[in-house]
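Starting from the structure of chain C, add chain S where the hints point.
Number of protein chains: 2
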Amino acid sequence: MNEQKFVQFLKENFKFSKGKGIGDDCSVYKLNDYYQLITNDILIENIHFNKNHFSMNELAIKSLGVNISDIIAMGGEPEYFYLGLGFPKKFKEKDLKDFYNGLKQGCNKWGIELAGGDFSGSDKIFISITMVGRTERPIYRENAKNGDLIGITRGTGESALGLKCLKNKIDSKYFINKHKKVIPEIKRGRILSKYVNSMIDVSDGLLLDLKRILNSSKKGAKIFYEKIPVSKKLRSFCLKYNFNEYELVLSGGEDYILLFTISPKKELNLKKENIPYYIIGQVNNNQDELIVKHNNKTIKLKDYGYDHFLHL
Amino acid sequence: MNEQKFVQFLKENFKFSKGKGIGDDCSVYKLNDYYQLITNDILIENIHFNKNHFSMNELAIKSLGVNISDIIAMGGEPEYFYLGLGFPKKFKEKDLKDFYNGLKQGCNKWGIELAGGDFSGSDKIFISITMVGRTERPIYRENAKNGDLIGITRGTGESALGLKCLKNKIDSKYFINKHKKVIPEIKRGRILSKYVNSMIDVSDGLLLDLKRILNSSKKGAKIFYEKIPVSKKLRSFCLKYNFNEYELVLSGGEDYILLFTISPKKELNLKKENIPYYIIGQVNNNQDELIVKHNNKTIKLKDYGYDHFLHL
Numbered sequence: 065m066n067e068q069k070f071v072q073f074l075k076e077n078f079k080f081s082k083g084k085g086i087g088d089d090c091s092v093y094k095l096n097d098y099y100q101l102i103t104n105d106i107l108i109e110n111i112h113f114n115k116n117h118f119s120m121n122e123l124a125i126k127s128l129g130v131n132i133s134d135i136i137a138m139g140g141e142p143e144y145f146y147l148g149l150g151f152p153k154k155f156k157e158k159d160l161k162d163f164y165n166g167l168k169q170g171c172n173k174w175g176i177e178l179a180g181g182d183f184s185g186s187d188k189i190f191i192s193i194t195m196v197g198r199t200e201r202p203i204y205r206e207n208a209k210n211g212d213l214i215g216i217t218r219g220t221g222e223s224a225l226g227l228k229c230l231k232n233k234i235d236s237k238y239f240i241n242k243h244k245k246v247i248p249e250i251k252r253g254r255i256l257s258k259y260v261n262s263m264i265d266v267s268d269g270l271l272l273d274l275k276r277i278l279n280s281s282k283k284g285a286k287i288f289y290e291k292i293p294v295s296k297k298l299r300s301f302c303l304k305y306n307f308n309e310y311e312l313v314l315s316g317g318e319d320y321i322l323l324f325t326i327s328p329k330k331e332l333n334l335k336k337e338n339i340p341y342y343i344i345g346q347v348n349n350n351q352d353e354l355i356v357k358h359n360n361k362t363i364k365l366k367d368y369g370y371d372h373f374l375h376l
Numbered sequence: 065m066n067e068q069k070f071v072q073f074l075k076e077n078f079k080f081s082k083g084k085g086i087g088d089d090c091s092v093y094k095l096n097d098y099y100q101l102i103t104n105d106i107l108i109e110n111i112h113f114n115k116n117h118f119s120m121n122e123l124a125i126k127s128l129g130v131n132i133s134d135i136i137a138m139g140g141e142p143e144y145f146y147l148g149l150g151f152p153k154k155f156k157e158k159d160l161k162d163f164y165n166g167l168k169q170g171c172n173k174w175g176i177e178l179a180g181g182d183f184s185g186s187d188k189i190f191i192s193i194t195m196v197g198r199t200e201r202p203i204y205r206e207n208a209k210n211g212d213l214i215g216i217t218r219g220t221g222e223s224a225l226g227l228k229c230l231k232n233k234i235d236s237k238y239f240i241n242k243h244k245k246v247i248p249e250i251k252r253g254r255i256l257s258k259y260v261n262s263m264i265d266v267s268d269g270l271l272l273d274l275k276r277i278l279n280s281s282k283k284g285a286k287i288f289y290e291k292i293p294v295s296k297k298l299r300s301f302c303l304k305y306n307f308n309e310y311e312l313v314l315s316g317g318e319d320y321i322l323l324f325t326i327s328p329k330k331e332l333n334l335k336k337e338n339i340p341y342y343i344i345g346q347v348n349n350n351q352d353e354l355i356v357k358h359n360n361k362t363i364k365l366k367d368y369g370y371d372h373f374l375h376l
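Going down the list, the sequences are from chains C and S. To get my numbering, take the position in the first sequence, counting from 1, and add 64. To get my numbering, take the position in the second sequence, counting from 1, and add 64.
Simulated from the structure, these hints should not be mistaken for lab results. As the structure is a prediction and not an experimental result, all values here were calculated from the model. Incorrect hints may have been included.
Below, in silico cross-link-like pairs of lysine-lysine (DSSO-like), each with a Cα-Cα straight-line distance of 27 Å or less [what the hints assert, rightly or not]:
id, chain 1, residue 1, chain 2, residue 2
1, S, Lys173, C, Lys75
2, C, Lys296, C, Lys357
3, C, Lys296, C, Lys209
4, S, Lys69, C, Lys168
5, S, Lys188, C, Lys69
Covered stretches of chain C (in silico footprint by chain S; criterion: 3 or more residues with CB under 8 Å from a CB of chain S, positions within the stretch not fixed) [said to hold, decoys possible]:
id, segment
6, 101 to 107
7, 323 to 334
Derived CB-CB ranges, DEER-like [stated by the list, open to error]:
id, chain 1, residue 1, chain 2, residue 2, range
8, S, Gly211, C, Lys82, 37 to 43 Å
9, C, Ile247, S, Ser295, 56 to 62 Å
10, S, Lys154, C, His117, 24 to 30 Å
A virtual CB, placed ideally from N, CA and C, is assigned to each residue, including glycine.
Next up, chain C with everything else stripped away, as it sits in the complex (with noise of 0.2 Å):
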């Protein structure tokens, strides 16, 4: 079984009445005056992270960072959250509370608090975070549609690279912070949900995140990878190194950009906002069809990037 196969499992079995349920990166229940968000991400020891790789300070920020970001993906803002957490007997007081300690300047730095959750001992560490927000108008996947431009609002690979030479033991602190921290866009996601038709935040790979998009929304979608901003850094790197930079850049994960659609019209508007973003493709109605382009040749893809299905 693959997401795919088991998403489409789920909403057949799990109907969600009062709103939109499983299938985006939040699910959505209309209020009097605005749409609640919800959206639960779990993060655990060795299969999300190493520990030895992160301090419990920036393990603890990193959490808030990749569920601000999907209610950010929803056009929202986030407002407070509750953490189930799993923590190893053999930890400390002041492990736990420099994980407290994390949590607490995350919630200053984006406004956000916390509003309840549950503690219990456990071999590994297990963090799950139900985040809370809302917005006037949500944005879904579903909603692509034949003709609009594919827009990026950073270039991709970088947190994979510095995932990379962590394993590697390449001393690379550029790198290395764009993996362990999170920038949540948040003020460009509200600017973008007045213009986009759908949206994602880039957590499992530029080619699979597109993916979820084109299949929610029955499309297909043509990309040309010169248009993906590639910094001469990372560039470099991957020759230096000998890394596959296809790879890094169209299936890495945990870059946290946004990856939107939006049609030619309204992205003449968008223009005038003055944000950085870049277009990077265009939709179209061959539906399951993905193909990316560069310089005119055909890249042969093998997959689009981490399935926790996969194994099922």
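For chain S alone, kept in the frame of chain C given last:
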């Protein structure tokens, strides 16, 4: 650090300005015409359960039950939930489907819906449920008054005895079912919420959860053991297998009964509702004092139940 100190640390460092945050079974957030309740409970393999004791189906239903119980303890009714699931890679697709089928049964049984969540492979089973509910009158722990009667909806200790049976391979379907199956008292909780001053669900032991009410309310209490309904079946099992009855009844966890305090005047009205409950003691102003009498003799209490923080 114990739980009380940890909650104090959290309360000092994390303010929830929009409503009531840390320190009760749920957070409480006022919407236009009702209060939204949200709770998060985690269940970790080998900490909260042993997977040899539960089928995937039973585990899913129990996970829902313990979260629903928190909503009820605040005087609310459950509506929908989010599931963060870490599921071992060695498991099969069938195991996962059994788990989700259990969720579906729970949804049908208790009138709730799955609204979203997250999934990942992991070493051990990790379940995080965030449950959303509503009430017109939230009931807090901190509101017990001097002179309040202390009530419970059922006897305690049977779930803990069931766990002992499982661990010691004693064949008793009756008690094992008491451990495996949570019976959230949705209707009874809604009726109680019209009369009581404070309420909690007994998850970690009668005395520990009573202590939580008393600490929050800055009160003390006296309990009369002989008023607690202890079944003949439980008593005879304790004699036969040399289990400590006091320990099971006073400190055994996971009965998920409701424990409440109510003014003597309001209790006269509650009587007319014809729901079963037992008055087992009374609240007083002797802060931090909890005395348990059994036929006029004071029971010496070693500790009050399970505290996840005592290792820190």
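Results for each hint:
Between Lys173 (chain S) and Lys75 (chain C) the alpha-carbon distance is near 19 Å, which keeps this suggested pair within the 27 Å criterion. At roughly 20 Å between alpha-carbon atoms, Lys296 (chain C) and Lys357 (chain C) fall within 27 Å of each other, so this suggested pair holds. For the hint linking Lys296 (chain C) to Lys209 (chain C), the alpha-carbon distance of about 33 Å lies beyond 27 Å, and the restraint is violated. This hinted pair checks out: Lys69 (chain S) and Lys168 (chain C) have alpha carbons roughly 18 Å apart, not beyond 27 Å.
Under the criterion of a C-alpha separation no larger than 27 Å, the hint pairing Lys188 (chain S) with Lys69 (chain C) is consistent with the structure, at around 23 Å. Residues of the segment 101 to 107 of chain C lying with their CB closer than 8 Å to a CB of chain S number 5, which satisfies the three-residue condition for coverage. Using a Cβ-Cβ cut-off of 8 Å, 0 residues of the segment 323 to 334 of chain C lie near chain S, which falls short of the minimum of three, so the contact claim is violated. The given range of 37 to 43 Å is respected by Gly211 (chain S) and Lys82 (chain C), whose C-beta atoms sit roughly 42 Å from each other.
Range check, Ile247 (chain C) to Ser295 (chain S): Cβ separation about 59 Å, and the 56 to 62 Å hint holds. Restraint check, Lys154 (chain S) to His117 (chain C): a C-beta distance of roughly 25 Å satisfies the suggested window 24 to 30 Å.
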